[in-house]
Amino acid sequence: MATYLRRFWQLYALLVLPLAYFIVFKYGPLYGIQIAFKDFNFFQGISGSKWIGFDAFKEVFGMRDFYITLRNTLMLNFFDLLVSFPAPLFLAIMLFELNVVWFKKLSQTILYLPHFISWVIIGGIALQVFGTQSGMINNLLASLGVDSIPFMTDKNYWLVTYLLVGVWQSAGWGTIIYLAALTGINKELFEAAEVDGAGRMKRIWHITLPGLKTTTVTLLIIQLGNMITISFDRPFIMGNAAVSDYSDVLSTFVYRVGLQSGQYTLAAVVGLFQAVVALVFILGANYASKKMTDESIL
Amino acid sequence: MNVHTANRLFNTVNVILLVISVLLCLAPFLNIIAVSLSSSAPIMSGKVYLFPVDFTLDAYYQVYSDPSMIHSLGFTVLLTVVFTVSCILMTIAAAYPLSKRNLKGRKIFMFIIVLTMFFSGGIIPEYILVRSLHLLNTMGALILPGLISPFYLIILISFFNNIPSSLEESAEIDGCSHFRTLVSIVIPLSMPVIATLSLFYAVGRWNGFQDTLMYITSPELYPLQLKLYQLIQNNMITDLTQMEGSQQQTMMPESLKAASVVFATVPILIVYPWLQRYFVNSVMLGAVKG
Numbered sequence: 001m002a003t004y005l006r007r008f009w010q011l012y013a014l015l016v017l018p019l020a021y022f023i024v025f026k027y028g029p030l031y032g033i034q035i036a037f038k039d040f041n042f043f044q045g046i047s048g049s050k051w052i053g054f055d056a057f058k059e060v061f062g063m064r065d066f067y068i069t070l071r072n073t074l075m076l077n078f079f080d081l082l083v084s085f086p087a088p089l090f091l092a093i094m095l096f097e098l099n100v101v102w103f104k105k106l107s108q109t110i111l112y113l114p115h116f117i118s119w120v121i122i123g124g125i126a127l128q129v130f131g132t133q134s135g136m137i138n139n140l141l142a143s144l145g146v147d148s149i150p151f152m153t154d155k156n157y158w159l160v161t162y163l164l165v166g167v168w169q170s171a172g173w174g175t176i177i178y179l180a181a182l183t184g185i186n187k188e189l190f191e192a193a194e195v196d197g198a199g200r201m202k203r204i205w206h207i208t209l210p211g212l213k214t215t216t217v218t219l220l221i222i223q224l225g226n227m228i229t230i231s232f233d234r235p236f237i238m239g240n241a242a243v244s245d246y247s248d249v250l251s252t253f254v255y256r257v258g259l260q261s262g263q264y265t266l267a268a269v270v271g272l273f274q275a276v277v278a279l280v281f282i283l284g285a286n287y288a289s290k291k292m293t294d295e296s297i298l
Numbered sequence: 001m002n003v004h005t006a007n008r009l010f011n012t013v014n015v016i017l018l019v020i021s022v023l024l025c026l027a028p029f030l031n032i033i034a035v036s037l038s039s040s041a042p043i044m045s046g047k048v049y050l051f052p053v054d055f056t057l058d059a060y061y062q063v064y065s066d067p068s069m070i071h072s073l074g075f076t077v078l079l080t081v082v083f084t085v086s087c088i089l090m091t092i093a094a095a096y097p098l099s100k101r102n103l104k105g106r107k108i109f110m111f112i113i114v115l116t117m118f119f120s121g122g123i124i125p126e127y128i129l130v131r132s133l134h135l136l137n138t139m140g141a142l143i144l145p146g147l148i149s150p151f152y153l154i155i156l157i158s159f160f161n162n163i164p165s166s167l168e169e170s171a172e173i174d175g176c177s178h179f180r181t182l183v184s185i186v187i188p189l190s191m192p193v194i195a196t197l198s199l200f201y202a203v204g205r206w207n208g209f210q211d212t213l214m215y216i217t218s219p220e221l222y223p224l225q226l227k228l229y230q231l232i233q234n235n236m237i238t239d240l241t242q243m244e245g246s247q248q249q250t251m252m253p254e255s256l257k258a259a260s261v262v263f264a265t266v267p268i269l270i271v272y273p274w275l276q277r278y279f280v281n282s283v284m285l286g287a288v289k290g
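Residue numbers (the working numbering), protein chains in the order written: chain A, 1 to 298; chain B, 1 to 290.
Just so you know, these hints were derived from the structure itself, not from any lab. Virtual Cβ for every residue (Gly too), placed ideally from N, Cα, C. Please note: incorrect hints may appear among the correct ones.
The list that follows gives simulated cross-link-like pairs (lysine-lysine, DSSO-like), each with its CA atoms no further than 30 Å apart [what the hints assert, rightly or not]:
(1) A:Lys187 <-> A:Lys213
(2) A:Lys155 <-> B:Lys47
(3) A:Lys290 <-> B:Lys100
(4) A:Lys58 <-> A:Lys187
(5) A:Lys213 <-> A:Lys105
(6) B:Lys107 <-> A:Lys290
Here's a subset of chain A near chain B, in silico, CB distances under 10 Å, partners left out [unchecked claim]:
(7) Leu14
(8) Gly172
(9) Met292
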């Protein structure tokens, strides 16, 4: 043991800070979860606040806003799945079939780019492109004699805008994982198909798509596992007062109720609810993944 | 139609579709750049699409002459550099021991780390923690909570695992300590993946918004995204009020907002192509292993 430590102490020394980080900043907040069951305020602190049992849960589950944000979270994620999920699959196949190397590289560079742009900036660009005054699309419509469309301020149009911007932001980046799967397909399959006289569409149908099946199913399951989880930045920045009927989701609700109105207990309840449901979804997704693809995602 | 023509038709259609996708991807960028470089008359009359009309750099002069904007930029650069360097050092420090399969306790450490990928306290307990550590309105609040991404850590561990162990063993026989092996052999061999992860950490910090909104209230610590958000939020409000008929009163010129957006994007555009060649391979590695 002593010789083991003498040989390996440096490795353990390296681990000290990283482990301390995980314990303080990842496990530390778990201690704070108890405020969902307490009448929390900062003067009394976590341990000084008094226990109230499930009172806060009752209050949250009686709030109309809670159900609206829950519905919106599921709705936005569901539509996103319909629209944003297939896009990178098509794009990846198109890129894979392209044999002009320079153009392939150029298009990949450009298509990946939106993934690296912050939602604040995307929000600014979206307003510029979709704005009712001097927005590019409404300019175009005006020059065709069509009335301007309130893309950002009517909730149904807003939903479309939200989804389109999502596709724009994520489709290119999403191709990476499919392209990785495609490079794993045995080249001989394609050659054999060509010898047998299969055209390009047939090749895609019988070799490329089956080759992507596992990846696609796994990604789909992960997405389903994340149905209740929603990022904060995108709905918060894209949303506004006029469309809050649709844009208010669990993550923005927690921020609004907790940090803006100081109702920490209520917000912690919503956060805990979301975390628990998310965990159940993820475990369910992992189970489904094991059953269907023999691969576990955890 | 023989196979040859069918093939060419397929290629043509494919190229056309891709060109359209690429143009759709670029158009919003071109539009905002065009607006930032146009004067307000053509913008207001809706003549600006993908190219500047009545070219002017006025908006950029205004952005550059706004001291709070330059201050924000400087602070964000500093924040991003400190954050990225700390993150990379911490991630390497964690990944190297954890890539040693014979390290005692490795499984427990991995379990502690991987578990954090599947649950979190949520933003309220995190806020309470940051507040009770007296980190509100400090750079620490924007650096410490995000030091190690478990996902990037796993990418790095699997990369370290793929380095032939004979290399490290021979270093050990030559009398290298673990530190020495890490610094002179493992890190130099891993530069591509380290560069990629640095890009991801840096972009994440540069683009980070939610934590700045939660933890920062004093204007001298506003990172660029938070500053931009306020500009854009005003923009939104004017867009709403215009709907109700009141004409552009105290509105910031469109070109100035556009220039601010471009201003905050340019640093990423500068770093991105330079690091792009590295990241695809690393992401694939993570995708296959993780």
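Going through the hints against the structure:
Distance check on the hinted pair: Lys187 of chain A and Lys213 of chain A sit about 17 Å apart at the alpha-carbon level, within 30 Å; holds. With a CA separation close to 27 Å, the supplied pair Lys155 of chain A and Lys47 of chain B stays within the 30 Å bound. Between the alpha carbons of Lys290 of chain A and Lys100 of chain B the distance comes to roughly 28 Å, so the proposed pair stays at or under 30 Å and holds. Distance restraint check for Lys58 of chain A and Lys187 of chain A: the Cα-Cα separation of roughly 60 Å exceeds the 30 Å cut-off, and the hinted pair is therefore not satisfied.
As the CA atoms of Lys213 of chain A and Lys105 of chain A are separated by approximately 25 Å, the hinted pair is consistent with the 30 Å bound. Distance restraint check for Lys107 of chain B and Lys290 of chain A: the Cα-Cα separation of roughly 22 Å lies within the 30 Å cut-off, and the hinted pair is therefore satisfied. The beta carbon of Leu14 of chain A is positioned within 10 Å of a beta carbon in chain B (closest approach about 4 Å), and the interface hint is therefore held. Hint status for Gly172 of chain A: holds, given a least beta-carbon distance of 7 Å to chain B, under 10 Å.
For Met292 of chain A, the interface hint is violated, since its Cβ never comes within 10 Å of a Cβ in chain B; the closest pair sits about 18 Å apart.
Violated hints, in rising order: 4, 9; the structure is consistent with all others.
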